[in-house]
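Enquirer: Chain by chain, the residues:
There are 2 protein chains.
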Amino acid sequence: MNLKEKTVEKHVLYTGKIINLRVDDAELPDGKPCTREMVEHPGGAAILCVEEGKILLVRQFRYAYGEELWEIPAGKLDRGEDPAHAAARELEEETGRVPSSVEFLYLLYPTPGYTNEKLYVYRACGVHAGHVHPDEDEFVSVCAVPVAEAAQMVADGRIRDAKTIIAIQRLLLEGAKG
Amino acid sequence: MNLKEKTVEKHVLYTGKIINLRVDDAELPDGKPCTREMVEHPGGAAILCVEEGKILLVRQFRYAYGEELWEIPAGKLDRGEDPAHAAARELEEETGRVPSSVEFLYLLYPTPGYTNEKLYVYRACGVHAGHVHPDEDEFVSVCAVPVAEAAQMVADGRIRDAKTIIAIQRLLLEGAKG
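Just so you know, the sequences run in chain order A and B. In terms of the numbering used here, the first sequence is residues 1 to 178. In terms of the numbering used here, the second sequence is residues 1 to 178.
Simulated from the structure, these hints should not be mistaken for lab results. Backbone N, C-alpha and C define an ideal beta-carbon position, used for all residues, glycine too. A hint or two may mislead.
[As the list claims (entries may be wrong)] Computed beta-carbon distance windows for the label pairs:
1) B:His133 / A:Ser141: 46 to 52 angstroms
2) B:Glu81 / A:Ser141: 34 to 40 angstroms
3) A:Val98 / B:Glu27: 41 to 47 angstroms
4) A:Val98 / B:His128: 52 to 58 angstroms
5) B:Lys177 / A:Glu9: 34 to 40 angstroms
6) A:Cys34 / B:Val132: 17 to 23 angstroms
7) B:Lys32 / A:His131: 19 to 25 angstroms
8) A:Gly31 / B:Lys177: 48 to 54 angstroms
9) B:Val132 / A:His11: 31 to 37 angstroms
10) A:His131 / B:Thr15: 42 to 48 angstroms
11) A:Val98 / B:Ala144: 44 to 50 angstroms
12) B:Ala155 / A:Glu149: 25 to 31 angstroms
13) B:Lys177 / A:Gly66: 31 to 37 angstroms
[Unchecked claim] Derived pair list, reagent style DSBU-like, types lysine-lysine, alpha-carbon separation capped at 30 angstroms:
14) B:Lys76 / A:Lys32
15) B:Lys177 / A:Lys6
16) B:Lys4 / A:Lys10
17) A:Lys54 / B:Lys76
18) B:Lys17 / A:Lys177
19) B:Lys32 / B:Lys10
20) B:Lys10 / A:Lys76
21) B:Lys76 / A:Lys17
22) A:Lys76 / B:Lys76
23) A:Lys32 / A:Lys6
24) B:Lys54 / B:Lys177
Could you put the whole structure together from the sequences, leaning on the hints where they help?
Expert: Right, dumping it as structure tokens:
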């Protein structure tokens, strides 16, 4: 079954600091015309860091929701930046922890209906102390949460961020395997 | 620690079919001015449906990525629609299966840096046959995948959609618990 949609003409309606908006003329698999709205995003990196049975979570106000959320450290890629580098960078910037290496875990598509964001998720290995230095417009507080408590926070809805739920589920699955 | 950002003035730059774009003047916790780009989304519902050890996945071309993806059935909420109703509706529209009830599993925030999308994830219970009737501009193919194979598809990166990974990892955790 042919599912492919063809781009007829791209229209960039907004070019911003983090995202761009495109509303393209396109063609459905059956040849009929359609319009596709999409957000262009440079991609991001997130990092799962566990020390002594505790997962590092950052609490951050998220403007779009008007809420403070619990998330694993993450941020967007700088232009041309390797996602593994970005993951280690974000960990240090937000929590002051420095990994000696990172292990690739997932390439995630957060919400494929309208964005092209690719989110690379890593695990921090061999972590030691560095320096906290968040972005100028970023206010975060850091908390080391026992994995069992983080699991409870997913179960009762206190953790809602998708990448963070995936990371915590992974820890639980690894624990279940022994 | 005060993390809250205040809205100074909302600016709607685009009002679309599925999403709107806002670029607001806001104020950081320390009182400094900032700009916040965000996508307004009506919210969505997704549904995990397992029958005889197989999970129902739909394969769909996603314009923003230019790729066909494997996902659990999902779609946006109609205006004022109850998310549980939307989940059951999307399951029937995309796969022809009808649940006699749905169980709430998660409220997910897919990518909180720039969208306010709330995605409600349910499990289909007591499933029976109905009619497939996809949206006019929606072309999907349906596949019932054994849970172990779906887990392998997550592990090797064939499944990248975040909500789908969360649903599959949940099944694995339930299996691990016995």
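Enquirer: Hint by hint, where does the structure go against what was stated? Just the numbers, ascending.
Expert: When the structure is compared with the hints, numbers 3, 5, 15, 16, 17 and 18 turn out to be violated.
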